[in-house]
Amino acid sequence: MTDTGIGASVRRVEDQRFITGRGHYVDDITLPGQCHAVFIRSDQAHAELKSINTVQAASAPGVIAVLTGAEVAADGVGGLPCGWGITSIDGNPMVEPAWPILAQDRVRFVGDAVAVVIAETRTQALDAAELVEVSYNPLPAIIATADAVKDGVPQVWPEAANNTCFHWAIGEKEPTDKAFAEAAHVTKLQIVNQRLIPNAMEPRSAIANFEAATGDLTLYCTCQAPHAMRLLLGAFVLQQPEHKFRVVSPDVGGGFGSKIYPYAEFAVLCWASKRIGRPIKWTAVRSESFMTDAHGRDHVSEAELAMDKDGKFLGLRVDTIANLGAYLSAFGPLIPTYLYATLFAGQYTTPAIYAEVKAVFTNTTPVDAYRGAGRPEATYLLERIIEKAAGELGMDPAELRRRNFIAPDAFPYQTPVALMYDSGDYGAALDKALDISDRQGFEARREASAKDGKLRGIGFSLPIEATGAAPSAIAGQLGARAGLYESATVRFNATGSVTVISGSHSHGQGHATTFAQLVSDHLGVPLENVDVVEGDTARSAFGMGTYGSRSLSVGGSAIVKAADKIIEKGKKIAAHLLEASVGDIEFAGGNFTVAGTDKTLNIAEVAFAAYVPHNYPLPTGDPSQDENALEPGLEEQAFFDPVNFNFPFGAYVCEVEIDPETGVVEVASFTAVDDVGRIINPMIVEGQIHGGVVQGIGQALLEGSVYDDSGQLLSGSFMDYTMPRADDMPNFKTGTNETPCPMNPLGVKGCGEIGTIGATPAVINAVLNALGSVGVTDFAMPATPQRVWQAIQSARAAAE
Amino acid sequence: MYSFEYSKPASLGEAESAVSEDAILLAGGMTLIPTLKQRLASPDQLIDLSGIGDLAGISISGDTVTIGAMTTHGEVAASSDVQKAIPALAALAETIGDPAVRNRGTIGGSIANNDPAADYPAAVVGLGATVKTNKREIAGDDFFTGLFETALDEGEIVTSVSFPVPEKAGYSKFPNPASRYAIVGVFAAKTGGGARVAVTGAGPCVFRVSDMESALDGNWSPDAVAGISVPASGLNEDIHASAEYRAHLVTVMAKRAVAAS
Amino acid sequence: MSVTVSMTLNGKQVSADVEPRTLLVQYIREHIGLTGTHVGCDTSQCGACVVHVGGKSVKSCTMLAVQAEGADVTTIEGLASNGELHPMQAAFRENHGLQCGFCTPGMIMSAIDLVSRNASPSDGDVREWLEGNLCRCTGYHNIVKSIRAGAEAMKG
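Residue numbers (our numbering), protein chains in the order written: chain Y, 1 to 800; chain X, 1 to 261; chain H, 1 to 156.
Excised from the complex, chain Y in its bound form (with noise of 0.2 Å):
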């Protein structure tokens, strides 16, 4: 391993203009002519849309214009498209209303966008904005997720009956009742995962910039992937062609999943430049981004687990009711259907599985994919039930997991729910686990802990996910309407430098370094020679993004292969210039050797024979000697789509401690063991996984999206919703071992999401262990102070 080479902790290449303050992010652009816009949103739930007055406002200092849905319908304007289809257990395909991208004859949830005010300047817009009249007859709304189903309660559409989008499910019904048929013991378990806002530090923003001398629409964008958007609202809402369209989407200030969808916002802002000649700027504040970022997670479940007298799993069931909010969001039916239930395995030999999804609309912001999507709801019902499975059966709960675990040698693994893991060593991670949280010295820090009056409980979790969405022909076949592949471009420069550019784009994750650690590694070219370009449909051949922890072992796949290539014809152009047979060529170290020989070429040298062809082997026009002739240039492209997915794995030990006088639960130690199979970057994948514990962390003890009964959203700012800060966290102990992924060329398995994944669970298992000791049994998270507290007071007064 070199010092900048896979293996190493490069620093990254991209700090320099964060830490002095050169980043370049949407809201740091501004064009010339630009001009801004205001958006005026519903403060009703549910409501029919009488009218809009923006006669006032169309006259006020410095506006340009005031557009709303009227004007929408009568230039055709398409609404926005949800980019995966879900079939319901009767055949039928999911409910899928219309989401105009401003409203048109009714609203459905508080932050509804109505109209848009365009101005010279943001003040101006603002003031003008005040100035607009709408005027609603307020309908009835539904917002809670379990009501969403009940006879009688209000309909969001018309052509959704019961609210219901779809009814779907998953795995075998009829051996699963047979396992519980045959169980010697079963656990029940009712569960909720509230409701989360995403809540990147960027809010988002947009220019859009239409010119109407060469019909070029360009926007500029927060977003995770640039072409997805194109894509979406290029042919489906503003029927642009897609090579007059270009999304260019800068620094971008995490995402966490809400940066990949299309939004109205950047539809209207498209649609109002074609409309006024100018380039529009819009960037939210933080209350319109709560109001109308894709919220995550929303789930009400009812789970069982069978197991035989020795505490083997014999069977699981699951029904679940996920809230999709009032419109679909572009991959809203995904998350709680394949992301979901196809986890419900884990890291476990649980034979049976069967589990039913229905999925509803509510007024409520529309909900999508929140870091982890799908798998924490997974992971936190199920770990959560084997917990309190092991209570049940008075056994150690890591031993009950270790009864259940899938062997090392029985890879790959076909679970009952879809998924094929690829390789694991679970054992070895619990083993590190319990080692580095000194499973051993817990009774006597609970001991200390019950000196000072605090309750400690320790709580585990054993987290798995499939990473690196994709393969395109599964996800095709599961409601896919888009591929999952990933392209990558390697560019030898003429002086020996190189570009990468990837259809990947990181928004925070440290592509510029790690990708650039890949090339320098593989091509043996110095890391500083190496730059990584993202974020720029014209820049980039096309790419699907990032989310699920695909960047690595899908983008990164791809850079790979196209390096692959970049040596498959360096060595030819060797072979011409050391006048040696292309069989003879070795490459490595960055240098082009004829085997057994002293005579060799460095990589570089090659790259400017291929831009200065003087000695090359160019076609000569005579194709009977042409046979080995090369174009010039030194470029390779290359799409990577994997087979499978790939599936990271984990062990979590988090112990806390809780004042029974006020409830506060404080996170005494957590320990995240992780194996994401071969590491490229030591330092960035712990920064993954702090970062992702963290939000994980959030959802157990502080974060969490609150509606009132019609529908407006108490928990709308950051004096309301409970970010993690600096001094609700401890310093984190992680560990890593490597199982490479047998499904990349790398080996390597995604690291985004598994701490979100894993921590959760493990902090409200440990909530629950300790309070077990005055009696709570259950509990529904976040595990904030009032709640431990009313938990705390409704077990005692049960007890008397």
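Hint data in this document are derived by calculation from the structure and do not stem from the laboratory. The model shown is predicted, which means the values in this text are computed figures rather than measured ones. All C-beta atoms in this analysis are idealised placements derived from N, C-alpha and C, irrespective of residue type, glycine included. There could be a bad hint or two in this list.
Now the stretches of chain X that chain H is said to cover, found in silico as 3 or more residues with beta-carbon under 8 Å [unchecked claim]:
1) 2–14
2) 44–58
3) 92–106
4) 227–241
Chain Y is already provided as a structure; the job is to place chains X and H on it using the hints.
Showing chains X and H alone in chain Y's frame:
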């Protein structure tokens, strides 16, 4: 923000002549500016008090700590004089907002605004302080009159707050997990005139708990207040804390405030 | 009605005509064109906008530009001198104290204010000090590590 005019008088006299019905006084701005940003207030004029030199500073005289209205929370927290004379007051200032907020926010602005979840009202009442204005002196007990309401007249300007040095005092705060404002903050002081217990955050306005005060008069210890609770009715409720939980926290924080003294 | 607001920004005299309702962060980003100072919220919570006014950290989204008239203001762009990073900037890179980079300028500005008051902060000191700075990416672990390393480096 709505449009407004801005002035920065150099003296109290200039400020007095600038005030009008449509003007708002600007101290540190830590509450006012966010309010303006949300368009919840629309003054014609903002009168910035930061140009009046006499309004900032900390002085100790005999058994009194006097803090100028424009003194920031950070200055109070870091003042060795305050730390020595009334450590609980310095500690309270250290819990307000975050460091950047403490660098701007002022005691005068805080008490004039009288946010029900602000910390300073607990100290003003808990210590029996005196609020001085450009017109008069107002006893701390009479200053806070209701939710965001004070005894200040229209345009009256707080100039300083004088805190008598207590024998002992402690402040214990249970912060809102999201905003970090006080869900409940209890300031307990053993003063020459008897024990004082002032509660902020729990109700619409800071209030005293006379049962606790009497108990502490006889026995200055956490145990003295452990069994005394306030009724939940009338206390604030929000998504983070019910009235019952707040009532419970009043007792817990009171114990801890006494323990911290 | 515009007023002329002048200040010393990163050691240079700057001046712009702005409405009194202009926030300091708008003045810096939109009128002067330094975009390293960010806006991440509208309730003075996130700290992405922290700059130094008179050497102290303040939230530039919660201060009017007119309030900074005549003040000495430093932003993230003003920390490096002669192409050499401030030790706190270098510490963030060395310790992977940033991911997306959006909160980073505010974090670094807050951190420097901390070290000016407490030359050797503990983990707990740092975590408490960061109450007004939100990060959604790093989980704070490496930010704390960065700031402690930066504090050591600032001792020179």
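Coverage assertion for the segment 92–106 of chain X with respect to chain H, Cβ distance below 8 Å, three residues required: With 7 residues close enough to chain H, the hint holds.
Verify the coverage statement for the segment 227–241 of chain X against chain H, using a C-beta to C-beta distance below 8 Å and requiring 3 or more qualifying residues. Violated - the segment 227–241 of chain X has 0 residues with a Cβ nearer than 8 Å to chain H, which falls short of three.
Claimed coverage, the segment 2–14 of chain X by chain H - three or more beta carbons nearer than 8 Å: holds (count 6)
Three or more residues of the segment 44–58 of chain X near chain H by CB distance under 8 Å? holds (count 3)
In summary, the structure is inconsistent with hint 4 from the numbered list given earlier, while agreeing with all the others.
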